[in-house]
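Colleague: Below, each chain spelled out in residue letters.
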Amino acid sequence: MHEMSLIQNLLKILEKEIKSPEIKLVKNVRVEIGELRHIVPELLKFSFKHASKSDKLKGAKLKVKVLPIKIKCLKCGFESRIRDSLFACKKCKTGEVKIVSGEEFMLKGVEW
Amino acid sequence: MSFKVIKANVLAANDDVAGKIREMLAKTGTYMINIISSPGAGKTSFLEKVGPMLRREKISFIIVTGDCFTSRDAERMDKLKLPVVQINTGNGCHIDAGLIKKSLKGTDLKKTDLVIVENVGNLICPAEFDVGEDAKIAFLSTAEGADKPLKYPLLFRESKLAVINKVDLLKYVDFNLLFCVKNINNINSGLKILKVSCKTGEGLGGFVKWIVSEIRNKKTRKKGVSR
Ligand SMILES: Nc1nc2c(ncn2[C@@H]2O[C@H](COP(=O)(O)OP(=O)(O)OP(=O)(O)O)[C@@H](O)[C@H]2O)c(=O)[nH]1
Ligand SMILES: [Mg+2]
Ligand SMILES: [Zn+2]
Numbered sequence: 003m004h005e006m007s008l009i010q011n012l013l014k015i016l017e018k019e020i021k022s023p024e025i026k027l028v029k030n031v032r033v034e035i036g037e038l039r040h041i042v043p044e045l046l047k048f049s050f051k052h053a054s055k056s057d058k059l060k061g062a063k064l065k066v067k068v069l070p071i072k073i074k075c076l077k078c079g080f081e082s083r084i085r086d087s088l089f090a091c092k093k094c095k096t097g098e099v100k101i102v103s104g105e106e107f108m109l110k111g112v113e114w
Numbered sequence: 004m005s006f007k008v009i010k011a012n013v014l015a016a017n018d019d020v021a022g023k024i025r026e027m028l029a030k031t032g033t034y035m036i037n038i039i040s041s042p043g044a045g046k047t048s049f050l051e052k053v054g055p056m057l058r059r060e061k062i063s064f065i066i067v068t069g070d071c072f073t074s075r076d077a078e079r080m081d082k083l084k085l086p087v088v089q090i091n092t093g094n095g096c097h098i099d100a101g102l103i104k105k106s107l108k109g110t111d112l113k114k115t116d117l118v119i120v121e122n123v124g125n126l127i128c129p130a131e132f133d134v135g136e137d138a139k140i141a142f143l144s145t146a147e148g149a150d151k152p153l154k155y156p157l158l159f160r161e162s163k164l165a166v167i168n169k170v171d172l173l174k175y176v177d178f179n180l181l182f183c184v185k186n187i188n189n190i191n192s193g194l195k196i197l198k199v200s201c202k203t204g205e206g207l208g209g210f211v212k213w214i215v216s217e218i219r220n221k222k223t224r225k226k227g228v229s230r
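From first to last, the protein sequence lines stand for chains H and E. My numbering applies: residue 3 is where the first sequence begins, and numbers increase by one. My numbering applies: residue 4 is where the second sequence begins, and numbers increase by one.
Any given hint could be a false lead.
[What the hints assert, rightly or not] Chain E residues, not near chain H, derived (Cβ > 10 Å throughout):
(1) A11
(2) M80
(3) K108
(4) K113
(5) T115
(6) I127
(7) G227
[Said to hold, decoys possible] In silico DMTMM-like links for lysine to aspartate or glutamate, alpha-carbon gap of 20 Å or less:
(8) E:K105 <-> E:D19
(9) H:K14 <-> E:D18
(10) E:K7 <-> H:D86
(11) E:K185 <-> H:D57
(12) E:K154 <-> H:D86
(13) E:K10 <-> H:D86
(14) H:K18 <-> E:D19
(15) E:K163 <-> H:E5
(16) E:K10 <-> H:E106
(17) E:K10 <-> H:E105
(18) E:K185 <-> H:D86
(19) E:K154 <-> H:E113
(20) E:K7 <-> H:E19
(21) E:K61 <-> E:D111
(22) E:K10 <-> H:E98
(23) E:K7 <-> H:E34
(24) H:K100 <-> E:D137
(25) E:K154 <-> H:E106
(26) E:K10 <-> H:E17
(27) E:K163 <-> H:E17
(28) E:K154 <-> H:E105
(29) E:K7 <-> H:D57
(30) E:K7 <-> H:E17
(31) H:K14 <-> E:D19
(32) E:K7 <-> H:E5
(33) E:K154 <-> H:E37
(34) E:K10 <-> H:E34
(35) H:K51 <-> H:E98
(36) E:K10 <-> H:E24
(37) E:K10 <-> H:E37
(38) E:K195 <-> H:E37
What the hints contain is simulated information worked out from the structure, not anything from laboratory work. Note that CB positions come from ideal geometry on N, CA and C, so glycine has one too.
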C-alpha cells in the first residue's frame with residue numbers, strides 16, 4: 003500500500019526530529035500533502051496509527067492538511083487553482099505553466 | 004501545549020540519493036528512462052521488441068526491472084540475451100532511488116549509453132519516487148480506460164514522453180484515442196505522444212528515433228560542460 007511506504011519515510015524523519023528530551027509524549031504530528039499526490043488522508047492516518055513507532059509517538063495523532071493544486075503561468079505570471087485536470091493559465095489559456103503547489107509532502111511540526 | 008515547527012520534505016532522503024545518481028549519470032553521459040504503467044500495459048513486451056532494435060543502433064544499455072515477488076520479467080528478457088538486472092521490491096509498490104543505486108553497482112556506466120528502468124506496474128507510487136532518471140515515460144495501453152490521464156495527472160505532468168501501446172486492439176475495444184490524447188494535452192501541453200503496438204511493431208521505430216536523439220543530446224551537453 004502506497005500510504006504505508008510514505009509513512010515509513012515520514013517516520014524516519016520524525017523519529018530524528020523528536021529525539022530532544024524536551025519533547026515528551028507527542029500528541030499531534032502535522033503534515034501537508036499536495037492534492038496531486040493521490041494520498042487518501044484516512045489511509046495515511048490508518049497507516050500511521052498501525053506502524054511501529056517509538057514510545058514517544060505511540061499515542062500521537064496524524065493531522066493531515068491537503069494543499070490544492072496551483073499553477074503559475076510562464077507567460078503572464080497569473081496564478082490559478084486547478085480543479086479539472088486542465089493545466090492551462092485561466093487568464094491567457096497557455097499550457098506553458100509550472101506547478102507551484104499540489105506536489106508537496108511535508109512534515110510541518112509536532113505538538114506535545 | 005508545546006510545539007516544534009518543522010519544515011522537512013518527507014521524501015528528502017530518496018531525493019538526495021536520486022540527486023547522487025543523476026550526478027553520476029551526468030559524468031558518464033548515460034541517459035536514464037523510468038517506464039511507469041499499470042500492470043500488464045506491456046512494458047516487458049515493449050523492451051523485448053525495442054531491445055534488439057537499440058542493439059542494432061549500437062546503443063549499449065542495461066535494463067533494471069522491478070517486480071514484487073517474481074523474476075518472470077527478467078527471465079523473459081534474459082531469454083533474448085538482453086542485459087537485465089532484477090530488483091525484488093517485496094511489499095514495496097515502487098522502485099526507490101536506493102534500490103537503483105544498488106542495482107547499478109555492477110554496471111560500468113562509462114560504457115553504458117542508456118539505463119532503462121521498468122518500474123513496478125502501478126501508476127501512483129512510482130510517479131512519486133524520483134530515481135535520478137532523465138525522463139519518466141508514462142506508458143498506457145488501449146486495454147485500459149482512456150480516462151487514465153485524468154485520474155493520474157501527476158505522472159503525465161512529470162513525464163517527458165507518453166506511449167500508448169496495443170493500438171492493434173483499437174478495432175476491438177472501446178478506447179477513445181482522441182479523448183485520451185486530448186486529456187494528455189490538457190494536463191501537459193508539451194508532452195510528446197507515441198502510439199505503438201508491441202504485437203505488430205507499429206510505431207516502435209519512432210521510439211528508437213526519440214531515444215537515440217535524447218542520448219545524443221545528453222552526450223553533447225556533457226562535452227560542452229567538460230570543455
Ligand atoms: N494485442 C496486444 N497485446 C500486447 C501488446 N503488448 C503487450 N501485450 C500483451 O499484454 C500482456 C502483458 O504484457 P507485459 O509485457 O507482460 O506487460 P507489463 O507491463 O510488463 O506487465 P507487468 O510487468 O506485470 O506490470 C501480455 O499478454 C502481452 O502479450 C500489444 O501491443 N498488443
Ligand atoms: Mg513487466
Ligand atoms: Zn497566462
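Colleague: Now, for every hint given, state plainly whether the structure supports it.
Modeller: Hint check:
Against chain H, the non-interface label of A11 (chain E) is violated: not every CB pair exceeds 10 Å, the least being about 5 Å. Its beta-carbon lying about 26 Å from the closest one in chain H, M80 (chain E) satisfies the requirement of being farther than 10 Å from that chain. Every Cβ of chain H is farther than 10 Å from the Cβ of K108 (chain E); the closest lies at roughly 23 Å, confirming the non-interface assignment. A cut-off of 10 Å between C-beta atoms confirms that K113 (chain E) is not in contact with chain H; the least separation is 32 Å.
Every CB of chain H is more than 10 Å from the CB of T115 (chain E) (nearest about 29 Å), matching its label as outside the interface. Taking the minimum C-beta to C-beta distance to chain H, about 5 Å, the non-interface status of I127 (chain E) is violated against the 10 Å cut. The claim that G227 (chain E) lies off the interface holds: its Cβ sits roughly 25 Å from the closest Cβ of chain H, which is beyond the 10 Å cut-off. Distance check on the hinted pair: K105 (chain E) and D19 (chain E) sit about 15 Å apart at the alpha-carbon level, within 20 Å; holds.
Distance restraint check for K14 (chain H) and D18 (chain E): the Cα-Cα separation of roughly 14 Å lies within the 20 Å cut-off, and the hinted pair is therefore satisfied. Distance check on the hinted pair: K7 (chain E) and D86 (chain H) sit about 36 Å apart at the alpha-carbon level, beyond 20 Å; violated. Note on K185 (chain E) and D57 (chain H): the hinted pairing is violated, with a Cα-Cα distance of about 51 Å set against a maximum of 20 Å. A hinted pair counts as satisfied when its Cα atoms are at most 20 Å apart, and K154 (chain E) with D86 (chain H) qualifies at roughly 10 Å.
For the hint linking K10 (chain E) to D86 (chain H), the alpha-carbon distance of about 29 Å lies beyond 20 Å, and the restraint is violated. For the hint linking K18 (chain H) to D19 (chain E), the alpha-carbon distance of about 17 Å falls within 20 Å, and the restraint holds. A hinted pair counts as satisfied when its Cα atoms are at most 20 Å apart, and K163 (chain E) with E5 (chain H) does not qualify at roughly 26 Å. Only pairs whose Cα atoms come within 20 Å are accepted, and K10 (chain E) paired with E106 (chain H) is accepted, the gap being roughly 11 Å.
Between K10 (chain E) and E105 (chain H) the CA atoms are separated by roughly 15 Å; this keeps the pair inside 20 Å, and the hint holds. Of the supplied pair hints, the one linking K185 (chain E) and D86 (chain H) holds, its CA atoms being roughly 13 Å apart against a limit of 20 Å. The straight-line distance between the Cα atoms of K154 (chain E) and E113 (chain H) is roughly 35 Å, outside the 20 Å bound, and the hint therefore fails. A C-alpha spacing of about 9 Å is found between K7 (chain E) and E19 (chain H), which places the hinted pair at or below 20 Å, so the restraint holds.
A threshold of 20 Å between alpha carbons decides the hint, and for K61 (chain E) with D111 (chain E) the separation of about 16 Å falls inside it, so the pair holds. For the hint pairing K10 (chain E) with E98 (chain H), the CA-to-CA distance comes to about 29 Å; that exceeds 20 Å, so the pair is violated. With a CA separation close to 15 Å, the supplied pair K7 (chain E) and E34 (chain H) stays within the 20 Å bound. Distance hint between K100 (chain H) and D137 (chain E) is fulfilled; the C-alpha atoms sit about 18 Å from each other, no more than 20 Å.
Annotation: proposed proximity of K154 (chain E) to E106 (chain H) holds, straight-line Cα distance about 18 Å (limit 20 Å). With a C-alpha separation of about 14 Å, the suggested pair K10 (chain E) and E17 (chain H) falls inside the 20 Å cut-off, and the hint holds. Restraint check: the Cα-Cα separation between K163 (chain E) and E17 (chain H) comes to about 36 Å, which exceeds 20 Å; the hinted pair is violated. Pair hint K154 (chain E) plus E105 (chain H) holds up; C-alpha atoms about 15 Å apart against a cutoff of 20 Å.
A C-alpha spacing of about 18 Å is found between K7 (chain E) and D57 (chain H), which places the hinted pair at or below 20 Å, so the restraint holds. Taking the CA atoms of K7 (chain E) and E17 (chain H), the gap is about 13 Å. The hint holds against a cut of 20 Å. Only pairs whose Cα atoms come within 20 Å are accepted, and K14 (chain H) paired with D19 (chain E) is accepted, the gap being roughly 14 Å. In summary, the hint linking K7 (chain E) to E5 (chain H) is not supported, as the alpha carbons are separated by about 24 Å, beyond the 20 Å threshold.
Our distance criterion of 20 Å between C-alpha atoms is met by K154 (chain E) and E37 (chain H), whose separation comes to about 12 Å. Distance hint between K10 (chain E) and E34 (chain H) is fulfilled; the C-alpha atoms sit about 10 Å from each other, no more than 20 Å. Restraint check for K51 (chain H) and E98 (chain H): not satisfied, since their Cα atoms lie roughly 41 Å apart, outside the 20 Å limit. Annotation: proposed proximity of K10 (chain E) to E24 (chain H) holds, straight-line Cα distance about 19 Å (limit 20 Å).
As the CA atoms of K10 (chain E) and E37 (chain H) are separated by approximately 18 Å, the hinted pair is consistent with the 20 Å bound. Under the criterion of a C-alpha separation no larger than 20 Å, the hint pairing K195 (chain E) with E37 (chain H) is inconsistent with the structure, at around 25 Å.
In this structure, the earlier hints numbered 1, 6, 10, 11, 13, 15, 19, 22, 27, 32, 35, 38 are contradicted, and the remaining ones agree with it.
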